[in-house]
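Colleague: Sequence:
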Amino acid sequence: MWTDALSDIAIGASYYAIPLVLLYASRRRPDLAHAPVLWMSAAFILLCGTTHWLDVLTLWVPAYSTQVIAKAVTAAISFLTAVTLWRFLPRLLALPSPAQMRAANQDLQQVVQEREKALEALRASERRYRALTEVRAGSSAFWIAEPTGAVREMRGWEALAARPEASMQGLAWMGSIHPEDRAATIESWKQARATQDPLDLEFRVATGGQGWRWVGSRGVPVFDEDQRLVEWVGMIEDVHERRQATEDLRRTRTMLDQVIKNIPAMIFVKDMKTGRFTFINRAGEELLGVTSAALLGTTDHDHFPKEQADFFIAHDRAVAASGLAQVIEEEAIDTPSGTRLLRTTKIPMPGSEGGPNLLLGFCQDITDRKQAEAHIRHLALHDPLTGLANRHLLNESIREAAARGARFAVLCLDLDAFKRVNDTRGHEAGDRLLVQVAERLRGVVREGDVLARLGGDEFVILQMGVTEPEAVTAYARRVVDEMARPFDLDLQQVVIGASIGIAMCPADGTNLQDLLRHADTALYKAKADGRGRFQRFNTIMNTNLQDRYQLEADLREAIEARHLLLHYQPICDAKDGAILGFEALARWCHPVRGNIPPGVFVPMAEECGLIIPLGRLVLETACAEAAGWAEPARIAVNVSPAQFRVEDLAGEIAEILRRTGLSGDRLELEVTESLMIDDPERVLRIMLELKQLGVRIALDDFGTGYASLIYLRRFPFDQIKIDQSFVRGLDQEGEGLLLFSAILNLGISLGLEVLTEGVETEAQLEIIRGLGGRMVQGYLFGRPGPAAEARERLAHGHAPCYP
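According to our numbering, the stretch in the sequence shown is residues 748 to 1550, in order.
The set of hints was computed from the structure by calculation and includes no laboratory data.
Do not take every clue at face value.
25 angstroms max Cα-Cα, derived DSS-like pairs, lysine-lysine [unchecked claim]:
no., residue 1, residue 2
1, Lys1166, Lys1274
2, Lys1020, Lys1053
3, Lys1166, Lys1272
Every value quoted in this text rests on a predicted model; they were computed, and no experiment measured them.
Let the hints inform the model, and build the full structure from the sequences given.
Modeller: Here is the structure:
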């Protein structure tokens, strides 16, 4: 009995172990398709084991009913398992055989291999993509090359270079490189292959029908997972414009460097914080007499006196504080060549932090310019022959003296026998005599007085601080006596004498016009009394003015009746004497007094208000005469400042041109610079209106007035006429020749025609030709003549002095 019991216990225990294994397997493999069968089988075995335990129990306790129930349940579960298993039988029969499993396994391995290949291709694409991201954007062509550099694939090359992409395959791409760039490009490729570093190149390539163009190529090496180089990936872009721009910029920088180094003005740079020089150009080295190496790193105190250096540094700080450019107009510094005047512009240069970091200085040496300006101012206010004050300076002196209520006298002096010397010995001798007269008068006049020459042999002395008339007469007597002494001229003594007319301010007037007119009246009386005398103006002399008034009335009648005639003086080409035009000059033959010179009736017309109708008459007559000439030569007409005060001068001249039929470009109006003094804006407007008509404008008597350079820059002149006073003595070496040359070159450099007046000798003409003068006028080419003579000259074609 014990043996049966132990046997049943062992069997029951084993039955319990098997279901546990099945349940464990079903829990670990939830994906099994027949799990319910396993569960039911486990329940059946578990019940079978339970029946063995019941058999052991019935050995001691009768429990047959329980055993019957257990076996009935076991039978039921067994039946249910069989039925359930039948339902799954088709699926069980469909399970693959071992051969099928081996075939499926091979198919699976092939799929896995293909997937691995796809993954490797994907990883290669990713590596190539990463390589492409290192290539510059905006490229035009894409390429792939073998590790050796042979191109395997090229896309976009035809659009970039207008050449087939096949021409770049393999190593053929090296043949398309410009011969000058080929060796360096190939060498760079070799180095990149050796180092396996990214490659950046720029070289010229041949393009289809477009010559050579610069391209930029960036190549990136591509490695596999074992860090082996498998290929190069890169792109090419057209950098021709950028390269050209870079080259242009380089050339521009080189040019600017050369300009800065060689510009004839000092340029320097200072460190704003330390005040030390960081740059200086060649002109600065020459001006300061130091080398760049000796100057850089030093301060102003190392090169200039302390007071001057302190001034420079204080100005630098002021520029830095303001942040604006500032100019020191005249800055005197001592240099190895002497004291020089500089015009210095200092400009603050911002640094990276925004504030001024550097100071840029630009220094122009204006010493010569200032000296030239002083010389020009001197010329503008002084007579070029004698160096005495001219009419402008005299007028300013009188105006200033009258404004402050000073008492003074005007002594108008005229040389009695000067015309005889001028006519017999020539203008050169006359000029030398005038210079001696000026020197002698300088020795007579007192300090504070003004000595002026108004032209010709007319001198004026402004005697200041006059309280008694006796003092003036004593002064005049001393001048007359001094002029009565002989002059040494060309190793001969010449006696000329002088007469003086005196007017006093404020008794006889307070302006230059009145005082000179009254002094001229007194001078006329002194000459009429026998010359070598002096007379003071008085009211009795007014009776003598009646004759002048009668002459003015006669002039008015002559203008109204058109009795004035025009004479024409030729304007010629200095090279061959060809007549280029004529200057119209008014002439008056009085029915009683005979020929009255323009120097008499023209000033008279200006004083009595007849200059406007006189100018209109001259202009109309000249245009009408010139319109009938067989050759289209120019006609030049003098226009007074008073005519520019006419309400519509341009309209009046346009009407004259229309009536006479003369083309506007054949008319040339000559004006003097006194015209521009009173109302320059109005004069400029009228000139521009005249220019629209085609009329040319010339500046007469250039160099004798005030600030001519200013007028040349501002007003639309076509021509300047060099005054004849600069021509006299031109054939002599000295300042006269240099001054004439400077004036001539000034006009030529400004693009103006330059006409030289007063040419009387062949020697003067040769000098003018040699200096580049092209237009001349003077007695050498013909004196002014009537209209018939002008037509005859024009038909002849050139001046009489030419064959």
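Colleague: With reference to the structure, classify each hint as holding or not holding.
Modeller: Results of checking the hints against the structure:
1. Lys1166 - Lys1274: Holds, because 14 angstroms separates the two Cα atoms, which is no more than 25 angstroms.
2. Lys1020 - Lys1053: Roughly 19 angstroms separates the two Cα atoms, so the pair holds.
3. Lys1166 - Lys1272: holds (19 angstroms)
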